[in-house]
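So the protein sequences, as listed, match chains A and B. Quick note on this note's numbering: the first sequence kicks off at 637 and runs consecutively. Quick note on this note's numbering: the second sequence kicks off at 82 and runs consecutively.
It should be emphasised that the hints constitute simulated quantities derived from the structure, not laboratory data. Check the hints yourself; a few may be wrong.
[What the hints assert, rightly or not] FRET-style restraints, in silico, Cβ to Cβ: (1) Lys214/B <-> Thr667/A: 55 to 63 Å; (2) His940/A <-> Thr163/B: 54 to 62 Å; (3) Lys919/A <-> Thr265/B: 53 to 61 Å; (4) Ser924/A <-> Met207/B: 34 to 42 Å; (5) Thr265/B <-> Leu946/A: 54 to 62 Å; (6) Ser909/A <-> Asp181/B: 28 to 36 Å; (7) Lys919/A <-> Asp181/B: 19 to 27 Å; (8) Ser345/B <-> Asn679/A: 26 to 34 Å; (9) Thr667/A <-> Asp156/B: 53 to 61 Å.
Glycine is no exception: its CB is placed at the ideal position from the N, C-alpha and C atoms.
Residue strings, one per chain:
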Amino acid sequence: MAWKLYNIRKKGEYMNKPLIETKNLKKYFQTSEGSLHAVDNINLKIDRGKTLGVVGESGCGKSTLGRTILRLLDATDGEILYKGQNILNYNFNQMLNMRKNMQIIFQDPYASLNPRMTVSEIIAEPIKVSKIITGNRKINIKVSELMDTVGLAKRLVNAYPHELDGGRRQRIGIARALALDPEFIVCDEPVSALDVSIQAQILNLMMDLQEEKEFTYMFITHDLSVVKHISDEIMVMYLGQSIEKASSDELFENPKHPYTQALLSAILVPNLSRRGEDKEIVKGEVTSPIDPKPGCRFAPRCPHFRGECLGKEIDYKEVLKGHFVSCILYN
Amino acid sequence: MTGKLLEIKNLSVIYETDEATVHAINDLNLLINKGETLGLVGETGAGKTTTALSIMKLLPDKTGIIKNGEIKLEDINITKATKHDMRLLRGNVISMIFQDPMTSLNPTLTVDYQIAEVLALHKKNMGKEELSKRVDEILEMVGLPPSRKKEYPHQFSGGMKQRVVIAIALACEPKLLLADEPTTALDVTIQAQILKLMKELKEKIDTSMLLITHDLGVVAEICDKVAIMYAGQVIEIGDIKDIFESEHHHPYTTGLFGAIPDLSKKAKRLSPVEGLMPDPTNLPSGCYFHVRCNKCMDICQKEEPLTRWVNKEKTHSIKCHLFNGMETL
């Protein structure tokens, strides 16, 4: 009940405004060979209660983007607006406060939990650090509420992570992220280490929680069928740049960028309708993200490659309402 | 081209530890014909990898024990083969592609050395020059430029490393290739490339393949036959059409399909199989799946079901009490 009241209040305040927004966000890493453009000029907006799916292959900068938005990594340039406030200007204490609203669920439930802490200690840690609730009794009540929410049996309170399987561990990761009643959660490949049936259980849980508590998700994954299932809007990344962004249905029905088309055609569907079809549209592999030359970064692998692709930056154009592409085919 | 290549009969494998006995494989039967690709599908802990390791006789010493049953490769009885026999078979007649290309190559040896090693072991009559020529050929076959053969594994990307692993596995043109989740660690576009390559090479050197995976999409792409495993048993086996298009299924198979997000439908919720795999140290009575089964009957808790044919052509069989009345194998 308390939750519902809280939500109604929050909902009224910020309805229909982007909860989080980035403007020309950049994150470069300095390496001995040059500057690695992990996140390059990303502009995105996520409305309250919505899910933005971020897809791309390994090394495209999707995890770095998630971490930069949470300021777990320091941005090189650009702005991150949370309810209109640029959090890049926040100092340490302000950020500490801010973090209550933004949480992350990590990919690997085997590596992201401290093996020396029990389930209840892991879930209680953020509460203790942020001091939103004090007193052991109250904290214990909150922990058992959280365990209920994510479907962990009470008897596991004093269990250690190694005693549990991947699905249960990921539930702990989710409970920990929920502990501070956040508004925005970055989900960094939360189901890719899990079996399909467990994956489905966790996805269902995350969608139920979103419905109930109006969470805003940024869902990072390389699995396109998962992203379609959970997202309202999808952004496709390639070598640090966003190359296409559209609503989930639109992107799957009407992919514009050759890379998006290739990604979609490479999905293996669990039926025989596309057996034997040639799914290898893109040849070769991802090129180096170190000091990329201006122009389209996908050009070396693109079947539609032509001279104009290189030399100057490609515009990020709105081809249909809400559907952005950066490809010269649509200029 | 036809005929039996690998036959597994009533195989049971246990892992014996101080604390408990893990029943990893329980009375497993499998048949792979020549030139066929069999997909072995199941969740973590279903016994897929243990099956492959039993075929290779690579089960951990002392703890992994083949308790019962027989594995036959043509006329060779693998369960009875000595260590020396196995050394002649591995890499030569049977070879294996492991899941993670990042860890299955030796980081301190060049790629050409690692490919030549297999050849030098099994093709003793090859001279040095011939060997190096063959390595070039193999590299080209898997789509790697021979000019890079003097490089080390860390200089290659994940997809290229998996190509090297495939090159090593196919160097001696084996009769049977065991592929344990060969594309799980790769990106989708690279996965498409590797699957296409494996399909082409399989045709070219005319080998049979046991493809272990949990991804039904991969199965739909390259397998001829599919076996679904649960708790160390094959609970459903059939031709690809039987598994993907027949209306008769084991409730677990139905559950597996329900758990995959379907791109063509806009279902709000997925319908996973609730619960978890049974504890292999303490398997339930009757049908191992009855605890999670939504069609569980009284008999399921008491009696282990028999495997029965569910179609006239006798290509599709299911181990479930729902099909009692059909003809047994």
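Against the structure, the hints:
1. Look at Lys214/B against Thr667/A: about 39 Å separates their beta carbons, and that is not inside 55 to 63 Å.
2. Between His940/A and Thr163/B, the C-beta spacing of about 59 Å keeps the proposed range 54 to 62 Å intact.
3. Judged by the Cβ atoms, the range 53 to 61 Å given for Lys919/A and Thr265/B is violated: they are separated by roughly 22 Å.
4. For the hinted restraint 34 to 42 Å between Ser924/A and Met207/B, the CB-CB distance of approximately 38 Å keeps it satisfied.
5. For Thr265/B and Leu946/A, the Cβ-Cβ distance of about 35 Å falls outside the hinted range of 54 to 62 Å, so the restraint is violated.
6. For the pair Ser909/A and Asp181/B, the beta carbons lie near 31 Å from each other, so the given range of 28 to 36 Å is met.
7. Hint check: Lys919/A to Asp181/B, Cβ distance near 24 Å, so the stated range 19 to 27 Å holds.
8. Taking the beta carbon of each, Ser345/B and Asn679/A are about 31 Å apart, inside 26 to 34 Å as hinted.
9. Under the hint 53 to 61 Å, the C-beta atoms of Thr667/A and Asp156/B, about 57 Å apart, fit the expected range.
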